[in-house]
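Novice: Letter by letter, the chains look like this.
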Amino acid sequence: MSLSTAAGSGVTPGPARRGRLRRTFDKHWYAWAMVAPTIFVLGALVLYPLVRGILQSFTNLTETNQRAEVCSKTLGGAESCTPNPDRWHWVGLHNYTDLLTGERGHFWLLLENTIVWTLACVLLHYLIGLGLAVLLNRNFRGRSLYRVLLIVPWAVPAFVSAFAWKFLFNPKFGLINSVLVHLGLDPVEWFNHRWTAMFAAVVTNVWLGVPFMMVAILGGLQSIPAELYEAAEMDGTSPWQRFRHVTVPGLRPVSSTVILLGTIWTFNMFPIIYFVTGGQPAGETEILVTGSYRAAFEGLRNYSLAATYGVVILALLVVYAAAYRRVLKSKGEVW
Amino acid sequence: MSTPVVFDAATRLYPGSTVPAVDRLDLEVQPGEFLALVGPSGCGKSTSLRMLAGLEDVSSGSIRIGDRDVTHLRPKDRDIAMVFQNYALYPHLTVGENMGFALKIAGVAKSEISTRVADAARILDLERFLDRKPKALSGGQRQRVAMGRAIVREPQVFLMDEPLSNLDAKLRVSTRTEIASLQRRLGITTVYVTHDQVEAMTMGDRVAVLKDGVLQQVAAPLDLYDRPANVFVAGFIGSPAMNLGTFAVEDGDALVAEARIRLPRATTDALTTGEVVLGFRPESLERVPAGTEGAFAVEVLVVEELGSEAFLYGSLGAKLHNPQLVAKVEPRSVPAKGSVVHFRVDPERLHAFSTTTGEALPTA
Ligand SMILES: Nc1ncnc2c1ncn2[C@@H]1O[C@H](COP(=O)(O)OP(=O)(O)OP(=O)(O)O)[C@@H](O)[C@H]1O
Ligand SMILES: [Mg+2]
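Protein sequence lines correspond, in order, to chains A and B.
In terms of UniProt numbering, the first sequence opens at residue 1 and continues consecutively.
In terms of UniProt numbering, the second sequence opens at residue 1 and continues consecutively.
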């Protein structure tokens, strides 16, 4: 055994490596063939747009300057084309400086909104989801019915919920204001103020996002061995102490994952803001993704600015995820 | 200092079931005693233990620890500690924190906790592992941490539910003696659940045998072996199991294959039918030459040679469809497979049971 390996290592490294590559390919070509379609599709759907978006963010590409040639009809009916003199060109970091200095758009307002929006939504999602999951994890009659009912909001398409809630918050005809009036309070002009409008959007998104958290946390709860609760009971803990010392640590792997996912999803949650507040009042409740959308598709279509938004969002999320992972690792979580 | 435990007609009926999992259990555990609770799977051992722990409601009857009626007390008010089958260590706490957790909850001073944890760690040889998480321990080490968590609390009663079932055979044997000697040293009343009768017999001061939720017999290990109260206990205790068979009785003799075995007078007097269940342990069969008084033939099917002993499995009366029996034979001169040998039962070590009730019949 040892003899043959000694002989094998005597071969010069260069050809050996090439030989090995060929050998792995000969041996595993089937595996390569199997993953090739996935690689191709991912490349087409993710990598290509990503690279293109990043490149566009360094140009001044808009609706007006995207053509390579300008064509006009001649009197004879033919078409004559000349190169477009105002064609888009590379502008370096111009878009970024414009964006960050507020030269174009309201980046800092949007960032502030995005952070408030994300924090509020994720916190409420998690806490309400946790509460419901703990309740549903107990034994009581009709438990499975409640489980199904509580998952329903998740099954409804986001824009449908968004319209439904927008209607509920309608200042004139909405149910919420009529309840307020019935209670003897003043109706609220929900969409006339930045924070009340944001509140309406957060409520909508909470309604939409809690079921996922609940289901994920319920799964986590059920993976905690019952013996641990019994051991804690024998150790003299109160129900609250059991929650703190058994439930919370037992949920940590699930919690850390769903909070990361929830943050990324909420950060990029387009339809709720777009349909519920629509940026009212006067764009004060826009978040970064809706800002990017408006840059790309409203008024003069400014693709490069939209791409810049996209790259900034990506950068923010990557930094966040990296920091998050670091914190988890320092707490001994394997990830 | 040690505390007795009393089950007084304690019954547990699980909701939705009609037969009680534990039926009117009457059991007294002496102060400082190591009581092993044994029985086949599903007989209600864990349920009994969990009733004592307060993890399971008592449907009727009562349970006392010392002079306190704990029937309806919460687990934490009973002053007991339990070692779980899967140890139930807190995965996010270190070994030391696991052991000191109950004390921390009880508000014991930090310095006192650390001395008590250190003491327990020394006893259990866990000092090197105090800062590790349970994940990073072997099964045997986890088992010791679970023990440590129990002894740190210095409870009045220890409860253990099959604490060795996750260990390999060899470790199980060594841990068995460790636990038993530790218990003797601490002198804390202990109830120990196991399905393994060898474990029960080797560890327990007394052994309680349970079947279908009903207590069959409580006795010291040897008593249980020598004087089983009924057919179930006779068949359950001992390995290989006791030979049990139903035989016709004629003129005070049991007809065992071609042999007639004289039954004691007391036994025949107690008979209500013309049949008797006889039991004889593998080692109370004596190999004799053919034609000896009271001897019967056995055709050898298999011989298990274990070195220090050998067990012969054969069919009674040399007929294949007849009941099988096990006999202990001289390991250095085992009969060949297929041969016919003759055995006689040592009349002193014959057990007789009623065919109707299964209760032991008097033999003297
Ligand atoms: N939560 C429960 N609900 C209903 N029946 C139960 C419940 N737990 C146990 N039982 C029943 O009670 C009986 C006794 O169960 P128990 O767990 O005490 O058995 P055991 O002697 O510990 O068995 P094992 O050696 O397999 O652990 C069984 O018949 C079981 O099916
Ligand atoms: Mg059990």
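Hints should not be assumed to be uniformly reliable.
What the hints assert, rightly or not - Which chain A residues stay away from chain B? Per the calculated CB distances, all over 10 Å, these:
1) Leu168
2) Val181
3) Val246
Unchecked claim - Restricting the straight-line Cα-Cα distance to at most 20 Å, the calculated cross-link-like pairs of lysine-lysine (PhoX-like) are:
4) B:Lys76 - B:Lys104
5) B:Lys135 - A:Lys329
6) B:Lys76 - A:Lys331
7) B:Lys76 - A:Lys329
8) B:Lys104 - A:Lys329
9) B:Lys104 - B:Lys133
Since the hints were derived computationally from the structure, they do not count as laboratory data.
Think of the CB as a built atom: it goes at the ideal place given N, C-alpha and C, for glycine as much as any other residue.
Novice: Hints first: check each against the structure and report whether it holds.
Specialist: Hint check:
Here Leu168 (chain A) stays apart from chain B, with its beta-carbon at least about 42 Å from theirs, past the 10 Å limit. At roughly 49 Å from the closest C-beta of chain B, the C-beta of Val181 (chain A) stays outside 10 Å, upholding its exclusion from the interface. Non-interface status of Val246 (chain A) relative to chain B is broken: a Cβ of that chain comes within 10 Å, the nearest being about 7 Å off. Simply put, Lys76 (chain B) and Lys104 (chain B) have alpha-carbon atoms about 14 Å apart, close enough for the 20 Å limit, and the pair holds.
About 17 Å separates the Cα atoms of Lys135 (chain B) and Lys329 (chain A), which keeps this hinted pair within 20 Å; it holds. In summary, the hint linking Lys76 (chain B) to Lys331 (chain A) is not supported, as the alpha carbons are separated by about 31 Å, beyond the 20 Å threshold. The suggested pairing of Lys76 (chain B) with Lys329 (chain A) is violated, with an alpha-carbon distance near 35 Å, which exceeds 20 Å. Only pairs whose Cα atoms come within 20 Å are accepted, and Lys104 (chain B) paired with Lys329 (chain A) is rejected, the gap being roughly 27 Å.
Using a Cα cut-off of 20 Å, the hinted pair Lys104 (chain B) and Lys133 (chain B) holds, with the two alpha carbons roughly 18 Å apart.
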